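Use these hints to put chain B onto chain A, whose structure you have.
Chains as they are written, first to last, in the numbering used here: chain A, 1 to 310; chain B, 311 to 675.
If you're looking for bench data, these hints aren't it; they were derived computationally from the structure.
Here the structure is a predicted model, which is why all the values come from computation and not from measurement.
Glycine residues also receive a C-beta, built at the ideal position from the N, C-alpha and C atoms.
Take the hints with a grain of salt, since some may be wrong.
[Claimed, not checked] Derived pair list, reagent style DSS-like, types lysine-lysine, alpha-carbon separation capped at 30 Å:
hint	chain 1	residue 1	chain 2	residue 2
1	B	K663	B	K316
2	B	K663	A	K206
3	B	K327	B	K663
4	B	K663	B	K646
5	B	K646	B	K316
6	A	K206	B	K659
[Claimed, not checked] Between beta-carbon pairs, the in silico distance windows are:
hint	chain 1	residue 1	chain 2	residue 2	range
7	A	Y75	B	D604	30 to 36 Å
8	A	A279	B	V340	50 to 56 Å
9	A	Y76	B	A497	56 to 62 Å
10	B	L627	A	R207	23 to 29 Å
11	B	S520	A	I295	25 to 31 Å
12	B	V414	A	I150	58 to 64 Å
13	B	T649	A	G109	22 to 28 Å
14	B	G631	A	R207	22 to 28 Å
15	B	E474	A	L277	39 to 45 Å
16	A	S182	B	A505	55 to 61 Å
17	B	L627	A	G109	21 to 27 Å
18	B	A529	A	L277	30 to 36 Å
19	A	G202	B	V414	56 to 62 Å
20	B	V414	A	F178	54 to 60 Å
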Amino acid sequence: MLHCRQQCDGNHPVWGVGELDLLQLSISGLANGCVYGLIALGFVLIYKATEAVNFAQGDFMMFGAFITIWLANSYYLGINFWVAVSIAVLIMGMLGYLLDMIVLRRMFGQPQIAVVILTIALGFILRFLAGAIWAHEPQSLEFPLAGEKITLGGLVLGVEEVAVILVTFALCGLLYLFFSRSRLGMAMQAASQNQLAAYFMGVPVKRIQSLVWALGGMVAAVAGVLFASKGAIDPSTGLLGIKAFAAAVIGGFGSLPGALIGGIIIGLVEPFAAYGLPAGYSQIAPYLIMLLVLIFRPHGLFSQVQKKKV
Amino acid sequence: MRFVFKRSYDADIGLFKHRPQALWYLGLLVLVVALPWLVDEFFVGEATNVLIWAIAGMGLMLLTGHTGQASLGHAAFMAVGCYTCVIMIANGVPFLLALPLAGVIAGLVGVIVALPVLRLHGIYLAIATLAISVLTEDFIVIAEPWTGGVVGLVAPPIVIFGLEIDRYGTPALFYFLTLAVTLVVLAGYRNLLRAPLGRAFTALRDSEISAQAMGVNIARTKATAFGLSCGATGLAGALLGFYAGAFNHETFNLVLSIQLLLMIVIGGLGSIHGAFFGALVIGFLPQFIALVRDGISGVFDLGSVTIPGIESGIFGLILVGFILFEPTGIYGRWVKLRTYFELYPFYRKDMFKRQKSFLKTERMR
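If we strip away everything but chain B, and leave its shape as in the complex, we get:
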């Protein structure tokens, strides 16, 4: 067991809790940077996919996990980021400018959308964002001159200072690009949580009334959270567009929105780790199911029986399992496991149990 001895107040808001933790993360960084040399090209592509999910997950985690505003419409902001980025590049804006601008525009759209829906709480907010997701899908079809409508758009190759990056031609370079964006978003997120604004987010999540009493401007803070969250999600959307190569309105449908929310729940709400764990699950679940299916059909000699839609079925089952038995997600389980080993043999089953559970009514407010 480790006792962290704090010598200054700054230790409370340090990036890492103690030196060994920093070393672990450094090791992880080295591993992900060296990944393209360690595994084959297919796997690099999959890792890129996971990173893109993780960026979007971080965006939604900031809003849902840390500010407590559930959104069922984040695919809409992915779409905004994706389409603006590609349209800007088509009009001659260099990629290095277009990508951040796409994030900024998605964030601005998020703020504009947030302003009217901010008065809504809990379930009503979820439904309003759901409507936004559906509307965006239809809007993409309507705005055909820019978005290509049902046919969609094809992502142009990325050119950075004459270096051409292509998802299939140079998967390693595309992986590094995604990794760089991930690290920037991650650093911003981590620092935000240490800053007054991040604390205001968390205060807002835990109790709006007490946050207001502590001097947090609720409307402005919520709008900021919406904007930052949508910005990160927009970045992920832009990268997703380049990753997919071609995209149309169906790329950013409601299912994507729901998947994003489910992802961060599986990963663990309220922790940055959760976004990454969830992204790993979402990214590798299809492969895992295919593997298991091949294994089963190998044993029972079923041939190549495929049940359409089995992925979403299994996904649903996993989700029900997590919500019922591990509401804190994978990250919560990991924390419990770590505590078990750190405190061995003093870990007790009820250590993380919430003391009281009561029905929080939304009917009175």
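Excised from the complex, chain A in its bound form:
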């Protein structure tokens, strides 16, 4: 599957790269793509439920990562890694809930662009807060398994990368179960498909929306933890959210699996573009793909937009 993807996505032949290198590139790209995909998942969750596009999702990710760093790293509080991660996820969930309750609920009925600008501004504030509290130097999370290698038939993989991929897929499975089995998940689906009908059926739409924001914050926190254990993070890393946007757009803004697949596509394209294209061209590849998707399939590869019947 990976080989097929390489052939589909890398438009240029990859010179002088052995089979193993290719596989290694794909795996590290896959790990990056998983982080993009998780951020994109947050966008799509919130967009589906509230029709608000959260431009601050990347900054949520950054903030969640910094909270975890602050809790877990030995030069800060230095508490147990897993406890720190759970606390950070909870804090980000609360932040998402409160943001929706206090700020975004007032935007009901305003034009969409107002919400866009509001979330951009929230991103500014989060970036400023992170910079003021934890300074602007890049920091990385002290991941307990860091540095260990897994050797798989000549293939050397960093534990971090494998962990990122595994956690992402586990989280997606969990989310799938949550949305398809649990009462709350069903209520969220109902509220996102038709607010009024859901309301008539006794779904507390407002609270559900806040909970979706909380879920978005939690997913962002997990993405942040994964990102920070894989590499260094600084307050402006939140701008990575734009790449996650590209992922969400490629997958179609209304589709959860699409977001993840879009993220993985972008993650895989990046390293191969860096190999096959001269410097400078490679970083535009994700945005170029996104523009092409926007132009030729405006609602993404997995679109869920219906035609309005007048």
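This is chain B only, laid out in the frame that chain A set:
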């Protein structure tokens, strides 16, 4: 309270609502022309900065405020205007020709970009323009032979009929040049809004379906709006290049695009005044923050504590405040204030309240 008595249909599309209003604007014009004699050189430079922001703001206001197409990528068109202007001057084109040509080229690029992305609506359009902004930044680096890549270019001195204009040497002259461009763009904008095309823009913003029903060619009108908007923004970009002196790809980064959009929101979407109010806020906010910081550190004896990035933080807070409590921006607040005094004591709190608010879904179309 004033009652405007209209004697002809032309009064509806007159430049000014009534004679005193025209007099106020004349007074304002006199004030801005006399500004270099009233304040010192530093302030003249700042005023020039505000005017450049205002030109770019007018460009974006035409697109976002009046045509309803949000763009998060206008820094790209500023870059196009800036680089084309400077490259043309370097190749011997006189400034008086290069500046308008830069605007025209930026406008054409805008139309070319607009054609594929025009099918997109709302949020998708915002994302596509965002991508354009990011791509432009990278493209400037790639096109190194023309643009100087990461190193950037240095703006040559402006020469108009042998008169040399320099931002630092002759700030007053540069101010007048910017003012002239501002007035030309302003006059064009104001007249456009009175013309059928401007009405078509507004109709498009309010409802695409009803605009189409009234015979507005949606695709062509949107492309025109994009072109005109990018043209004005390109002019501002060219002036910004000369104002900054040296520029590279980072001058026109995504943050500039976002700032432009935020500026017109703070100023007030859908009014030319808004572009100017927003430009004033953007132009003077850094100075204001520095002043407040000095004041606070003077009182609490903090020494010269600087928090990096505090500007964008405060900017974000102001923005959240405006969107939550005054979505119509500074201009909307001003209109309310004016109405309060005009109608005193009959002003009521809910006079400007929208009657219904409902979620406009973008999912169905």
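Here's how the hints hold up against the structure:
no.	hint	in the structure
1	K663(B) - K316(B)	holds, 27 Å
2	K663(B) - K206(A)	holds, 23 Å
3	K327(B) - K663(B)	holds, 24 Å
4	K663(B) - K646(B)	holds, 11 Å
5	K646(B) - K316(B)	holds, 24 Å
6	K206(A) - K659(B)	holds, 27 Å
7	Y75(A) - D604(B): 30 to 36 Å	holds, 33 Å
8	A279(A) - V340(B): 50 to 56 Å	holds, 55 Å
9	Y76(A) - A497(B): 56 to 62 Å	holds, 59 Å
10	L627(B) - R207(A): 23 to 29 Å	holds, 27 Å
11	S520(B) - I295(A): 25 to 31 Å	holds, 27 Å
12	V414(B) - I150(A): 58 to 64 Å	holds, 59 Å
13	T649(B) - G109(A): 22 to 28 Å	holds, 23 Å
14	G631(B) - R207(A): 22 to 28 Å	holds, 26 Å
15	E474(B) - L277(A): 39 to 45 Å	holds, 44 Å
16	S182(A) - A505(B): 55 to 61 Å	holds, 58 Å
17	L627(B) - G109(A): 21 to 27 Å	holds, 23 Å
18	A529(B) - L277(A): 30 to 36 Å	holds, 34 Å
19	G202(A) - V414(B): 56 to 62 Å	holds, 60 Å
20	V414(B) - F178(A): 54 to 60 Å	holds, 55 Å
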